[in-house]
Amino acid sequence: MTSYPFTLADADLMALPSGALHWPAQSTLCVSDLHLGKSGRMARRGGSLLPPYEVRATLEKLDADIETTHPARVICLGDSFDDLTAVGELEDHARLWLARLMAGRDWVWIEGNHDAGPVEIGGSHRAELRLGALTFRHIASGPGGEISGHYHPKARLGGTARPCFLLDTDRLILPAYGHYTGGLPCEDVTLQSLMRPKALAILTGPRVIPMPMPRR
Amino acid sequence: MNTLPPTLTDWIAAKGWSLHPHQQDMLSRAKDPATLLIAPTGGGKTLAGFLPTLAELADGRLRGLHTLYISPLKALTADIRRNLRAPVEGANLPIRIEDRTGDTTYTQRRRQRADPPHILLTTPESLALLLSYEAAPRIFAGLQRVIVDEIHALAESKRGDQLMLCLSRLETLSPGLRRVGLSATVEDPLALARFLSPTGCAILTADPGPDPDIAMLETDTPPPWSGGGGRYAIPAILEQVKRHTTTLIFHNTRAQAELFFRDLWLANEDSLPIGIHHGSLAREQRERVETAMTEGKLRAIVCTGSLDLGIDWGDVDLVIQVGAPKNVKRLVQRIGRANHRYNAPSKALLIPANRFEVVECRAALDAVRDHTLDGEPRGPGPKDVLCQHILLVACSAPFAADDLYAEVTRAGPYADLNRRDFDACLDFVATGGYALAAYDRWQRLQQTGPLWHLRDPRAAAVIRQNLGTIIDTETLKVRLKSRFGGTPLGEVEEAFAATLTPGDTFLIGGEVVRYEGLREMTVEVTRQPGRDPKVATFNGTKFATSTLLTERILTMFQQESWPDLPAHTAGWLALQRQVSRLPQSDRLLVESFPHDGREHLAIYGFAGRNAMQTLALLVTKRMEEAGLAPLGFVATDYATLIWGLEPVTDPAPLFELDALRDGLEGWLGGNAVMKRTFRATAIIAGLIERSHQGRRKTGRQATFSTDILYDTLRKYDPDHLLLRVTREEAERGLVDFSRIEDMLARVQGRIDCLRLTRVTPLAAPLFLEPSKIPVQGQGRERLVAEAAERLMRDAGLT
Numbered sequence: 005m006t007s008y009p010f011t012l013a014d015a016d017l018m019a020l021p022s023g024a025l026h027w028p029a030q031s032t033l034c035v036s037d038l039h040l041g042k043s044g045r046m047a048r049r050g051g052s053l054l055p056p057y058e059v060r061a062t063l064e065k066l067d068a069d070i071e072t073t074h075p076a077r078v079i080c081l082g083d084s085f086d087d088l089t090a091v092g093e094l095e096d097h098a099r100l101w102l103a104r105l106m107a108g109r110d111w112v113w114i115e116g117n118h119d120a121g122p123v124e125i126g127g128s129h130r131a132e133l134r135l136g137a138l139t140f141r142h143i144a145s146g147p148g149g150e151i152s153g154h155y156h157p158k159a160r161l162g163g164t165a166r167p168c169f170l171l172d173t174d175r176l177i178l179p180a181y182g183h184y185t186g187g188l189p190c191e192d193v194t195l196q197s198l199m200r201p202k203a204l205a206i207l208t209g210p211r212v213i214p215m216p217m218p219r220r
Numbered sequence: 054m055n056t057l058p059p060t061l062t063d064w065i066a067a068k069g070w071s072l073h074p075h076q077q078d079m080l081s082r083a084k085d086p087a088t089l090l091i092a093p094t095g096g097g098k099t100l101a102g103f104l105p106t107l108a109e110l111a112d113g114r115l116r117g118l119h120t121l122y123i124s125p126l127k128a129l130t131a132d133i134r135r136n137l138r139a140p141v142e143g144a145n146l147p148i149r150i151e152d153r154t155g156d157t158t159y160t161q162r163r164r165q166r167a168d169p170p171h172i173l174l175t176t177p178e179s180l181a182l183l184l185s186y187e188a189a190p191r192i193f194a195g196l197q198r199v200i201v202d203e204i205h206a207l208a209e210s211k212r213g214d215q216l217m218l219c220l221s222r223l224e225t226l227s228p229g230l231r232r233v234g235l236s237a238t239v240e241d242p243l244a245l246a247r248f249l250s251p252t253g254c255a256i257l258t259a260d261p262g263p264d265p266d267i268a269m270l271e272t273d274t275p276p277p278w279s280g281g282g283g284r285y286a287i288p289a290i291l292e293q294v295k296r297h298t299t300t301l302i303f304h305n306t307r308a309q310a311e312l313f314f315r316d317l318w319l320a321n322e323d324s325l326p327i328g329i330h331h332g333s334l335a336r337e338q339r340e341r342v343e344t345a346m347t348e349g350k351l352r353a354i355v356c357t358g359s360l361d362l363g364i365d366w367g368d369v370d371l372v373i374q375v376g377a378p379k380n381v382k383r384l385v386q387r388i389g390r391a392n393h394r395y396n397a398p399s400k401a402l403l404i405p406a407n408r409f410e411v412v413e414c415r416a417a418l419d420a421v422r423d424h425t426l427d428g429e430p431r432g433p434g435p436k437d438v439l440c441q442h443i444l445l446v447a448c449s450a451p452f453a454a455d456d457l458y459a460e461v462t463r464a465g466p467y468a469d470l471n472r473r474d475f476d477a478c479l480d481f482v483a484t485g486g487y488a489l490a491a492y493d494r495w496q497r498l499q500q501t502g503p504l505w506h507l508r509d510p511r512a513a514a515v516i517r518q519n520l521g522t523i524i525d526t527e528t529l530k531v532r533l534k535s536r537f538g539g540t541p542l543g544e545v546e547e548a549f550a551a552t553l554t555p556g557d558t559f560l561i562g563g564e565v566v567r568y569e570g571l572r573e574m575t576v577e578v579t580r581q582p583g584r585d586p587k588v589a590t591f592n593g594t595k596f597a598t599s600t601l602l603t604e605r606i607l608t609m610f611q612q613e614s615w616p617d618l619p620a621h622t623a624g625w626l627a628l629q630r631q632v633s634r635l636p637q638s639d640r641l642l643v644e645s646f647p648h649d650g651r652e653h654l655a656i657y658g659f660a661g662r663n664a665m666q667t668l669a670l671l672v673t674k675r676m677e678e679a680g681l682a683p684l685g686f687v688a689t690d691y692a693t694l695i696w697g698l699e700p701v702t703d704p705a706p707l708f709e710l711d712a713l714r715d716g717l718e719g720w721l722g723g724n725a726v727m728k729r730t731f732r733a734t735a736i737i738a739g740l741i742e743r744s745h746q747g748r749r750k751t752g753r754q755a756t757f758s759t760d761i762l763y764d765t766l767r768k769y770d771p772d773h774l775l776l777r778v779t780r781e782e783a784e785r786g787l788v789d790f791s792r793i794e795d796m797l798a799r800v801q802g803r804i805d806c807l808r809l810t811r812v813t814p815l816a817a818p819l820f821l822e823p824s825k826i827p828v829q830g831q832g833r834e835r836l837v838a839e840a841a842e843r844l845m846r847d848a849g850l851t
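Taken in order, these protein sequences are the chains called F and Y. Note that the numbering used here gives residue 173 to position 169 of the first sequence, counting from 1, and the numbers run on in steps of one. Note that the numbering used here gives residue 483 to position 430 of the second sequence, counting from 1, and the numbers run on in steps of one.
Treat the hints as calculated values from the structure; they're not laboratory data. It is possible that part of the hints are untrue.
As the list claims (entries may be wrong) - Distance condition first, Cα-Cα at most 16 Å in a straight line; then the derived EDC-like pairs of lysine to aspartate or glutamate:
1. F:Lys65 <-> Y:Asp764
2. Y:Lys534 <-> Y:Asp476
3. Y:Lys768 <-> Y:Glu784
4. Y:Lys530 <-> Y:Asp370
5. F:Lys202 <-> Y:Asp847
6. Y:Lys350 <-> Y:Asp370
7. Y:Lys534 <-> Y:Asp509
8. Y:Lys84 <-> Y:Glu109
9. Y:Lys768 <-> F:Glu64
All chains should be modelled from the sequences, with the hints used to inform the complete structure.
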């Protein structure tokens, strides 16, 4: 399967293998936890000097998804930057690239816990966004028709762990889209209590693979 | 010439001892700048190393640190401290001796920095740490001598490279420092002398003593067809334990030692006191065993490489090696653990774990008898270790690049390092060394005038925590479940812990425990005596069987019959010859057969575990391209077994050297072995931090796998220093491509492919090998998708 179609609060959605969510009826693409500038933040704090390529890698992936889905609206579901300083430190090349992706689109930055507060980079900035019956926010908190990120869920199958979407009748949690992001196993107690018993884990990778959410 | 103080001479005489010739030689050559002493175990080589120190310190005039003693094992430093106390106290010498290891308390370490003893006993890692402090110049200013014990063992790993860099540093801090290396018998003493001191090093060789009394243990029950552990031999082994004072029972892996110990204990009807000792056990556990052993309270110890080196156990009179020794040199050194009396033959028994190992043990016995030792020449000093060393130097004080380069090239392994490579390492440490200019404001090291220094001095604490070149697999502590923390039992690999569900049982420290759950990154267990364990899959170091041994085995295969081998093994080889063929040195035998719903390919390359693993990776890559859907493989020292969805009918194209070499370049990409090598390199070079026990976050993981970094570098920065190091590293280490080239050169296209209907006698043991490696390809995607569909169906979801 190249993408997984499903319905949440009567909206027809698609989980893409990249970890992005596509809502064709609203011409909307949603990605979560880009964590742009993570390597820079670690260096600033006196830590390791990681390969400074995660912005490029993440934007390449986003570029490709935008190229295939042609969305009129892009929602970045929080923690788009690793912190606010990272926005200022974005290289010119990346800034231009981002500007090109944003051009002509309704671009919504949802606040996350890493990048709370508006970012000085264009687009609109929201704590959360309601679109039809769906609510987009960074951390899952409310009932019914909720799309969120934050937890970086991942699931194991066949010996490898992959980032995954978590889906039940009330909510969808997106995997982290950013290149340098770890993950939280589905078995974690927080995710277990958030998701209803019959939840699905939709694995990302070369193609999407739906399976029952692993339980403790 | 140095002379011993009269009180010490009197004490030695009172004991009825006299100095061995090589001990006397060490004393007379005490002023030499560098000396390598090669002596068998029990030859008193450690005392020989210390005699000049005792002589120089006898009059009590010297203050501060005089001699630094470095051993590869923590346990050894404690042991040496005990052993040195006897002559020092006996001769009433005014000498303060202390040890300093990872186990030394914080208070004591601080005190040692302020007021160092005359003799400090330590490990390479603790020395590196000590050198990273600002106080290092003061601590080492008056240092006269450095003694490196078991240098043959250190020289085989990056720990030795790091140590030699540290010795160069010490020599800068204390010019005129004298070096002494103490070594067991090695195949190339000159190379070891150059390693210790590239500017010249005297070699002293002690009398090697009589040949060991060594044999293969014949048992009533033949060894099993396959598998490891040697449990079939337990009755015979117990019999031997009863007949000797103290027996060391060596195993090649920790998991096997655990299984063996448990069964040995169950069969131990006379309740002989027997202990277990290996690196995964909690420190408290190991210390208890060591103490009991020193006090002569144990009749036997089941152990692994953790007891390979020098601790003087006194009364050991038998060494039993369970499982094939893999390497003749190591076997000889292990045998030396028995009978620590000089000039008495050591007694040893080999227990083959299965039929194949009977052949290997026979080959090893012949090699010991013929006095042939194996050994591969070492490459130049690895650059990841150099990167770490540069960080260490920066922690202690600002430095000039020219000075540090000069100092580094005075270390044996780095004597030929060119300036360009040094600068690349410095650039990596300072800026990350990326093609994309980044981090100019946030460099790790900055230059002020001619001096390099840490940009943020607070980073030193993190750098110190990451010192060292031993990269453990990620492990989790195991504790008994209790409200008050619980008794620590040891450690298991994280990957193993991840497979456990509450209720599962496994073995640790010889007891069966039940997995209760994970709490703050600690595995909580309860005791569960009498239950069958799920096997622990934590492994010790994997050694590849040496070229010398594999050649001897192939030669043995060509005999018409095998009167030297037990009948069961001779019969097994004859059966293999009958249903298939026996591998030959100048041909490559490949068997193809179906089994259990999968197609299998067994390749008998006899090139050692690492090369066979590489061959498997290259061949599976070509199979993937040919649409043969390989699913996984397992590699041993003598063969590789690959399974997949499609049969291989014409293997010859899979083994074309040029294609394999191309594959090596291209494939160096996405495979697990390279990623494992990269991870070690990245940790040593300081690209990423080690995950420390208890410091890891339990909630959302802030870390991500090094595999992502590896893939990122390959894509965006393929010439990055760490990728170059990983490639070099892998080619001579885990990849070991040279042995594949040797094998294919030997074979010259003579490949015998046999299509068979079932598993052959020689292939059967391969099925029981642990460490199966999955091939991530179309075959696996097919299976994963099928598995997910099944789960969905079972859950009533579509």
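A quick look at each hint next to the structure:
1. For the proposed pair Lys65 of chain F and Asp764 of chain Y, the alpha carbon gap of about 15 Å is at most 16 Å, so the pair holds.
2. With a C-alpha separation of about 52 Å, the suggested pair Lys534 of chain Y and Asp476 of chain Y falls outside the 16 Å cut-off, and the hint is violated.
3. Between Lys768 of chain Y and Glu784 of chain Y the alpha-carbon distance is near 21 Å, which puts this suggested pair outside the 16 Å criterion.
4. For the hint pairing Lys530 of chain Y with Asp370 of chain Y, the CA-to-CA distance comes to about 35 Å; that exceeds 16 Å, so the pair is violated.
5. Proposed proximity of Lys202 of chain F and Asp847 of chain Y is supported: the alpha carbons are some 12 Å apart, at most 16 Å.
6. Using a Cα cut-off of 16 Å, the hinted pair Lys350 of chain Y and Asp370 of chain Y holds, with the two alpha carbons roughly 14 Å apart.
7. Only pairs whose Cα atoms come within 16 Å are accepted, and Lys534 of chain Y paired with Asp509 of chain Y is rejected, the gap being roughly 42 Å.
8. Our distance criterion of 16 Å between C-alpha atoms is met by Lys84 of chain Y and Glu109 of chain Y, whose separation comes to about 11 Å.
9. Taken as a hint, the Lys768 of chain Y and Glu64 of chain F pair is honoured in the structure, with Cα atoms around 12 Å apart against an allowance of 16 Å.
Going through the hint list in order, the structure does not satisfy hints 2, 3, 4, 7.
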